[in-house]
Amino acid sequence: MNSDDIRRMILDLLTEICPDAEIGAIDPAVSFRDQFEFDSIDFLNLILATEKILNLRIAEFDYPRLSSLDGCISYLGPKVAEAREAG
Amino acid sequence: MVPKNTGGTPAASDASAHWLSVRQSLAGLGDGGLNIAFEAVDRHVRDGFGDRMALRCVDRRGIVDDITYGRLADLTGRFASLLHSLGVRPGDTVFTLLGREPAVYITALGTLKAGCVFCPLFSAYGPDPIRTRLRHGRGRVLVTTAQLYKRKVAQIRSDLPDLEHVLVVDDPWGENAPAGSIDFAHALEAAAPLSAPPLTKPDDPALLFFTSGTTGAPKGAQHAHEAVVVHRETARRVFGLGRHDVFWCTADPGWVTGTCYGIIAPLTAGATVVADREEFDAVRWYRLLQDQAVTVWYTAPTAIRMLMRLDSTAEGRALTDGLDLSALRLMASVGEPLNPQAVLWGKERFGRPFHDTWWQTETGGIMIANLDGMEIRPGSMGKPLPGVVADIVEQSPVGRIEPIGEPDHPGMLALKTGWPSLFRGYLGDDERYRATFADGWYLTGDLARRDRDGYYWFVGRADDVIKSAGHLIGPFEVESALMNHPAVAEVGVAGKPDPIAGEIVVAYVSLKPGHVGDAELRRTLLSQARQRLGAAVAPRDIVFVETLPKTNSGKILRRELRALDIQGETAANTPRPNNDGSP
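Line by line, the protein sequences give chains Z and C. So for the first sequence, the working numbering puts the first residue at 1; every next one is plus one. So for the second sequence, the working numbering puts the first residue at 88; every next one is plus one.
Here chain C stands alone, though its shape is the one from the complex (with noise of 0.2 Å):
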């Protein structure tokens, strides 16, 4: 059981109340148990529709994988039963590293309805932050593929006791395979279906997701069982969900939304879940919307910047114009911001506004919304929804939370505590837990402003991490990555403002006495960063410097870094070598 943080406050009794009600539309294990895999999967078979589609999957030349609801009940009850008789007990963590591939929610799903944790890594990560998180929880099964194993895990496996078990999905005949690990496909064949239905209770641990803050080792958000009380709600009341729909989420199933809002929400609605095996190609984007007939898009800023900049050419509108995009009937956003250009642009381009959203690691689920039928405001994150209490406050001087009041007036966005999805606690950390709630706030750590409607803006993070194309990322984690380099003094990681990411990493060096900043040395550093980092962590660009910003106490002053560019030797968002390599 994992302690759930309830509001207890007068103010939180109505929406307590909301939840209440959207809870018992849920379908329940009985004697109050509560799973989410059943939720997702089996209540569907069991009110008669096994047959209908739960999940596409896509691959890059097109051919598409189908997996009904009856097929993926019949799925993840044998990885269920195959963790059992792998001795994997309730409440230990079941790992992956994967694309968007049907082993994916298999192993999500099964191991929810055993009773284990589900801890998602985005596949992209780099040896590092992939031995950082297995450590930290305690991961005992990891399902990835023969590749992905060979070029980051296989480094690392020494440094994870706690990894009992390797499955590979990709693999059939072993060639590749790690030593003492297991196939995915065949293992699954020979586990015996599940015979009795999960045994959980709605506060038993479910779900895991690590997400960075400024300082210290990425933290490990969990989630309950619970929280597809606000998954299932926010299927219907963000994108109005049923099982007629067609629901295509373009996030990694490494990061929240690809969990939350990829796999778990929409299944719960009884939708098609549409993924896409392939990276983000835009033109293949289009295609997709159109041949799959997609009902509902939800995908992220960054995205839909590369889809305008392909619409404002004219070849791109060609390809547009002649898409038919009747069936898609609403667009919405998440991860950063979206500009209000590009809902003006959802609107003119396909008729329909993008609406954004906003949410969190830790909030489990969507909090704010521009919800269909109501008045869109472009750039704004739009208003909380029912069962949501949120306010603009500011921290008086002995802890005390005191809402601002005053419209457009920016300061602290904060929620009152006890819905349902709200995060049970950060892994072994009660104190960074603790520090995110005061006076029955949970504190998000955003800045914003809420004007005289009620509507939501964000205004930027109270904290130095950055968030670079729909990823947050940590800058302890990049600069501790660089920072065993001999010639490195002093790392500083900072977000600079990029047109189509939002924000680009990059890292401000000092060096020590005797080494030069040379291109060679830039082209090290980048080479180290990305190796263990992954390329979608690693800084883009370095920038060579005398000394770092600090505060009095000696504390890098991220903020300041960017002023730094001016005096870097590489002061570009991108590498723009001469012909002979050289910058």
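Bound-form chain Z, shown alone (with noise of 0.2 Å):
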């Protein structure tokens, strides 16, 4: 799963947990909460689903890594390849 499948699961995960914000517009680089309705329990939602999807353990600590889409791919990348060559 590189980059770009990242990218695309966690819109595709927005488009469900808060269809209401405009997908196409975001800024990678700006926190969901500051551009869209997008409360704790929607970012809980958001990291419960992608937990689920990729199979592995988001640390609470590490939850605010993963509050923009640029962070959710920086944090991710490395833990999905990590968890690839563990096997």
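Any given hint could turn out to be false.
Said to hold, decoys possible - Using C-beta positions, here's what the derived DEER-type ranges look like:
| hint | chain 1 | residue 1 | chain 2 | residue 2 | range |
| --- | --- | --- | --- | --- | --- |
| 1 | C | Arg147 | Z | Pro78 | 39 to 45 Å |
| 2 | Z | Asp4 | C | Ser399 | 31 to 37 Å |
| 3 | Z | Lys79 | C | Glu481 | 18 to 24 Å |
| 4 | C | Thr400 | Z | Ala86 | 17 to 23 Å |
| 5 | C | Asp526 | Z | Ala25 | 57 to 63 Å |
Unchecked claim - One-sided excerpt, in silico: chain Z residues whose CB lies under 10 Å from chain C:
| hint | residue |
| --- | --- |
| 6 | Thr15 |
| 7 | Ile41 |
| 8 | Asn45 |
| 9 | Phe61 |
| 10 | Lys79 |
To be verified - Some chain Z residues well away from chain C (every beta-carbon gap over 12 Å; in silico):
| hint | residue |
| --- | --- |
| 11 | Ser3 |
| 12 | Glu16 |
| 13 | Ile26 |
| 14 | Asp70 |
| 15 | Gly77 |
| 16 | Pro78 |
| 17 | Glu85 |
| 18 | Ala86 |
Calculated directly from the structure, the hints in this document are not laboratory data. For glycine and all other residues, C-beta sits at the position ideal for the given N, C-alpha and C.
Given two chains presented individually in distinct reference frames, assemble the corresponding complex, making use of the accompanying hints.
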């Protein structure tokens, strides 16, 4: 799973969690919260769904690193690669 | 003047003596006058404490905006005189749609000084709940940000004939400000200091909080200035607050807790109020407790459960182990029952348990609590405070209220009327107001039991309101937002148990013939609901069903909706789509 796959997965999840957001217009460098209606429960739902799809655990301590699209990609990319290597 | 519902029974006489003595400890205004803002701010300046810190607002970067009692007295006085100069009259209602920022404190207290009524709105509301409340409350003034105005108010402005003045707090150059709006900071600077103290009486209307029932529009619970008697007393008795305390109430100012305990109560005690402008973030919260040397912390079960999750990981534990929380002496919770594990976690990790408290919008202040110094029963809401007469009752077929008496037998939690912060009415709805009282009791709508030792335990709600992340959500308002979609035949909305939020809002939808409940319609309905209601109120999930369970008379049985999850198409409390985006 490369960066594009992760980007697509996050955007798809956002489409399900907050379909009112203009997904196509997201600025990847800006936090989701600062661009559209996205509260703590939405954020938690995004994390839980990501964990489930990628079959990995995201430590609560790292949650803030997933607050933007760029953040998700740079955090999840190495995690996914790590999980793949571990077999 | 708003009428006061006095108990008038012998059982209530001890209680009224208690409240009278508390009342005498307040500053008052002479000639029987009483004003919440004077008790919260000006009396401290008068007593020589104007240099002490009243408010510390922390922004996202950790930059702190400090306001002393002296400065707060000046700013709130200017706001009051600004209202007068705008022609806003005592008794008129001033609304806020703001986060935790200095303007909300200045507006709340300045409005009270002007003799007007303060009504906060939750800034996560969408345009529909905002319109309903502003219309019903006949708001003449709204204080908000340019961005919130643009996103949520501009589209409904033509439906708000009473709204004359919009004050915008964050747009000094007026680029995004709506036409005709007033710049908050400039207007405040230009306003004259208030020359005379406020002239309000204890029974004058002061606060308006909207709350939700099962049916119909939200109810506007009205409180009078006399409520400050309970705010002052609970600040002392529940939190032990004094001038050296740093108090952090994490509730949003758009809810009753955020106003009564996020603004009024700690200020009446002369404490320093900490406000975090940011949304919840577990790491940030732990650090804020340490960095601001918070001594008393009042928060909610959803947040506590999120903090517990973080603390259960190695990295989280490393953070919490390294924190210096030596200043923190009391932790308390409100909003929904706090699970026993959370109470004990507090004790294990911080050396002090969480003290659960119970009250409602209508009670105006904390009524039942696990007080500091008494044995805490994890999972219990505690015992009634002095001056509060509570009981577990049932209503006889002829409407008489009978205390149940037998320990641990569930029934309706009822409070003897007569305490000073009991609400004085539902705005424009006497019938609903009267229906909450019987035989000198206020019927809370909460089912509870009392154990042999007098501790109260929450059992459930007698109605269908949903408590999600500490917010009370009325199913009717959510159902209405979905009903006008052309594909929808019927909607029932209910709370579904959730390990973090307590409950999450789920809408059960049956469709008109010819429509298919697929992923696209689910997204369309969710999107519509979120745009109209805001994320905090809208359903988190839609379950399509063939039919909804009903009574013989055709009323939807919301309690039975959860069973429909099994037959529904998207039975999940979190969206768990596949990689291609289809659920």
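Tested hints:
A beta carbon spacing of about 27 Å between Arg147 of chain C and Pro78 of chain Z contradicts the range 39 to 45 Å that was offered as a hint. The hinted window of 31 to 37 Å between Asp4 of chain Z and Ser399 of chain C holds, with their beta carbons roughly 34 Å apart. Take Lys79 of chain Z and Glu481 of chain C: their Cβ atoms lie about 56 Å apart, and the range 18 to 24 Å is violated. At roughly 19 Å, the beta-carbon separation of Thr400 of chain C and Ala86 of chain Z lies within the given 17 to 23 Å, and the hint holds.
Separation of Asp526 of chain C from Ala25 of chain Z is about 59 Å and conforms to the stated range, judged on CB atoms against 57 to 63 Å. For Thr15 of chain Z, the suggested interface contact is upheld, since its CB lies about 6 Å from the closest CB of chain C, less than 10 Å. Evaluation of the Ile41 of chain Z hint against chain C yields a held restraint, the C-beta minimum of about 6 Å falling below 10 Å. For Asn45 of chain Z, the shortest C-beta to C-beta distance to chain C is roughly 5 Å, which falls under 10 Å, so the interface hint holds.
Using the Cβ-Cβ criterion of 10 Å, the hint placing Phe61 of chain Z at the interface with chain C is satisfied: the shortest such distance is roughly 4 Å. Checking Lys79 of chain Z against chain C by beta carbon gives a least distance of about 14 Å; that is not within 10 Å, so the hint is violated. At roughly 15 Å from the closest C-beta of chain C, the C-beta of Ser3 of chain Z stays outside 12 Å, upholding its exclusion from the interface. For Glu16 of chain Z, the shortest C-beta to C-beta distance to chain C comes to about 4 Å, within the 12 Å cut-off, and the non-interface label is violated.
Separation of Ile26 of chain Z from chain C is adequate, the least Cβ-Cβ distance of about 15 Å exceeding the 12 Å criterion. The beta carbon of Asp70 of chain Z sits about 18 Å from the closest Cβ of chain C, which is more than 12 Å, so the claim that it is off the interface holds. With a closest Cβ-Cβ approach of about 16 Å to chain C, Gly77 of chain Z is found to remain outside the 12 Å limit, as its non-interface label requires. Residue placement check: Pro78 of chain Z keeps its beta carbon more than 12 Å from all beta carbons of chain C (closest about 16 Å).
The claim that Glu85 of chain Z is not at the interface with chain C holds, since no C-beta of that chain comes within 12 Å of its own (minimum 21 Å). At the 12 Å boundary, the C-beta of Ala86 of chain Z stays outside the reach of chain C, the nearest C-beta of that chain being 18 Å off.
When each numbered hint is compared with the structure, violations occur for hints 1, 3, 10 and 12.
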